[in-house]
Amino acid sequence: MSFFSWFRSKSDKSEHDELELKSSNESPESHAGAEHPLFQSTRVPPPRLRETVPGSRIKSASPAEAGSAPKEGFRRPVRATVDVPLQVLLLQLPPEVTKPNIDIDPKRRVQIPRKSLQIDEAHQTAKVTFATIFASCPEIFSVPIAPLDQRTLEFNLPAWERPPLGDSGEQTTSPTTTAHGESTALTPAETREPATVSDRLPPLPAEQLVSETQPIPGPEKPDKAPLGGAARNGSEVPKTVRVALGPIIKNLPPGLQPSEPNALANKPGATIELPLELINSQLANGRVTIPFSTLLKSLPEDIKSHFLQADTAAEVAIPVKEILQDYPQDLLRPRADQEPEEALPAIATPFTGPAKEDTERFAHVPEEKEPEKVGSDSHQLELIEHPPTVSESSQPVSQEAPLAEEKQETPLSEQKPTAEPKPARNFSALQSIFLTDEALDLNKVVQKVGEFAGINSALFFAADGSLEGEPEKLGLTQSSVQLLSSLTHEVGQRVENLGFGQIETVTLGWKRELVSVFTRGESGFIVRHEKRPFKPGVREKICLVLSHICG
Amino acid sequence: MPIINYASKEIQFKIVYYGPALSGKTTTIAYIHSRLPAAFRGDLVSLATAADRTLFFDFLPVDAVILQGFKTKFQLYTVPGQVVYNTTRQLVLRSVDGVVFVADSHWDKIHEDVESFRNLEENLRKQHLSLDEIPYVLQYNKRDLPDAAPVSYLEFLLNNRRRRARSYEAIATRGRSVFAALDAVTQSVLNKFIQENHLLRPKPSTESVVQRA
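So the protein lines, in turn, are chains F and Z. The numbering of the first sequence is the working numbering, which starts it at 1 and goes up by one. The numbering of the second sequence is the working numbering, which starts it at 1 and goes up by one.
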């Protein structure tokens, strides 16, 4: 008897709890009304379960609905990824981005992160960007897809990913939701595109889904795209890309360097072939790395013996610059569906005038060339002997052309055999570096270089040995400056001969300070700074100032 | 969203220079400051760290055209490019009206350009904004470098959205295309504002620009 009484009391409690659950969204007024005997039949009790996730409370629109609300039952766990057969995606992707010959089983499922999908539960379809598919399955693409690529394709959700028909009503009223219940606002472009499937589809097996998928509006594609068949557009896409070995060896970390790095790096014609698919998947990130083991496999036998087989899992950077030398340029073309720039009506702003002036100025100035190498620099003498006047230096930056004319006027017979820096009379271009409106001459430039963060003093030396600045502050005499200059020159040449490129700074340390020498030909800056590396940007600024002074 | 001050009859637009560290954002804004007549611009405020990097932002107010009796002002901001200052970037991006993305053309910096552009998209998304709505231009800076990446590759990386943006090959230290990029983005911002508010367009003459309220 005691058992039955206990059982009955429990049954009464559970009934009470269920009633409470049904009235979870009832207002206090309705509760008050429900106290009336007339309303007792439709009384909806408060929820039994606590709301653990904000907004996850089950909604019941009306007492009648609440009465017929589905009972708490088993809910499928939401997985982080959605499995989609490869075949479904391949049929939707335009042929110009997919590989013609794909060896992968078309029934293989590709796992796409659920949060990257825009799932339309009403139509049981999903939208995904090309970039997301590329990230999940780069093997099927013939061209790299940039992460910013916004092209999307829409496909019917596979049967196993569709929510049961009974479930869809209780989730949310929004037609476009992610699986997490977040509302994903459609972009205007997306809202213009009507859904390809107009009505809810019953769950279908995966094989039937393939024939149902609708093409997305956009690039045309053949009716039946061959999977792993012949080339679709007739042009053969190379499977490998040839990369020069020298720059790769130079970029190798010290532990992976071969026995004779310089000899191998400078070996003429030494290249390796890397699989294009390995490159494609990373090229859109601006950086390409491969496992060291892959590099070893690609190396010719005679070079491979120079490498140690240690740490084959280490990642090796492949310079993108070298990859693009041999990379098919067709693959870097802009996307086909890109909308061109909008032609807007012109409105004059305070920036229109300077923009036109700058455009005209640069239209007259010849193209900037690569900085000339050591020894080929030109005239610095006049710079020291005839410092520019304020009126000259305050001229706009645009007036660079007369320099070339002056140079042409000098007869060839009078020119010195060694090229020397031509005078740079206009320093107004340096105002932006020093963040000043002040009219500049060489003396002020040297002074301002000495005021850079972390720099104690600066000195400029010219090819003829003349100095600008305060050598006393640096504790240097003219002969010691000459010594430093020739030392830097010698070091620079030797380093360059080793194949390390042009050296721009030599730093010597003594006592508690450092002295760095920047040279450009026979001219340069000597700066004294605190015993620590240059602060960010300072070295670059000094190089920029020097290159401007030396032309 | 521009700030409209009915009392002082001013409309303020916010243009943000965004990009990776050391790409030339501060240099760009400093060049703009040096070229604009003092009558049109305010002081350049630059909050830098001891290491000569932008700490918070650079700020330059500029007076512009007059729209239906309201004088417009452009506030030019830069963000700190260092990865660690993301919260500051989010703050500076608040209520942004236009963006100039300053990319470094050096080969070694291209990955940082891509990362910074993604960061821009992410930070805008957090403010329920998108580059689809906000006018922006791309300024490929440091084109004078001997080791500059080709523009076609930069376009592939950064200008591959559905709506193609205007892009400029720039040299901020010399001022090449700096004003062209700024002019393009301000025109887009003004056109958008005029379209959205059904305003009359100002006459495309220099006088309307020079005229100050």
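Just so you know, these hints were derived from the structure itself, not from any lab. Hints are not guaranteed to be accurate.
As the list claims (entries may be wrong) - Under the rule of at most 25 angstroms between Cα atoms (straight-line distance), these lysine-lysine pairs were calculated in the BS3-like manner:
1. Lys9/Z x Lys71/Z
2. Lys9/Z x Lys192/Z
3. Lys115/F x Lys126/Z
4. Lys473/F x Lys535/F
5. Lys535/F x Lys444/F
6. Lys126/Z x Lys356/F
7. Lys9/Z x Lys356/F
Treat the numbers as computed from the prediction; the structure is a model and nothing was measured.
*asked:* For Lys115/F and Lys126/Z, compute the direct alpha-carbon distance and say whether it is at most 25 angstroms.
replied: Holds. Lys115/F to Lys126/Z sits at ~16 angstroms (cutoff 25 angstroms).
_Hint consistency between Lys535/F and Lys444/F [alpha-carbon to alpha-carbon, up to 25 angstroms]_ = holds (21 angstroms)
*25 angstroms limit on alpha-carbon distance, applied to hinted pair Lys9/Z and Lys192/Z*: Cα-Cα ~19 angstroms, so holds.
_Checking one constraint from the list: CA of Lys9/Z to CA of Lys71/Z, max 25 angstroms. Satisfied?_
At roughly 6 angstroms apart (the allowed maximum being 25 angstroms), Lys71/Z and Lys9/Z satisfy the hint.
_Lys126/Z and Lys356/F were given as a pair; does the straight-line alpha-carbon distance stay at or below 25 angstroms?_
violated (37 angstroms)
_Given hint Lys535/F paired with Lys473/F - CA-CA distance at most 25 angstroms_ = holds (21 angstroms)
_Between the alpha carbons of Lys9/Z and Lys356/F, is the straight-line distance 25 angstroms or under?_
violated (30 angstroms)
Violated hints, listed in ascending order, are 6, 7; each of the other numbered hints is respected by the structure.
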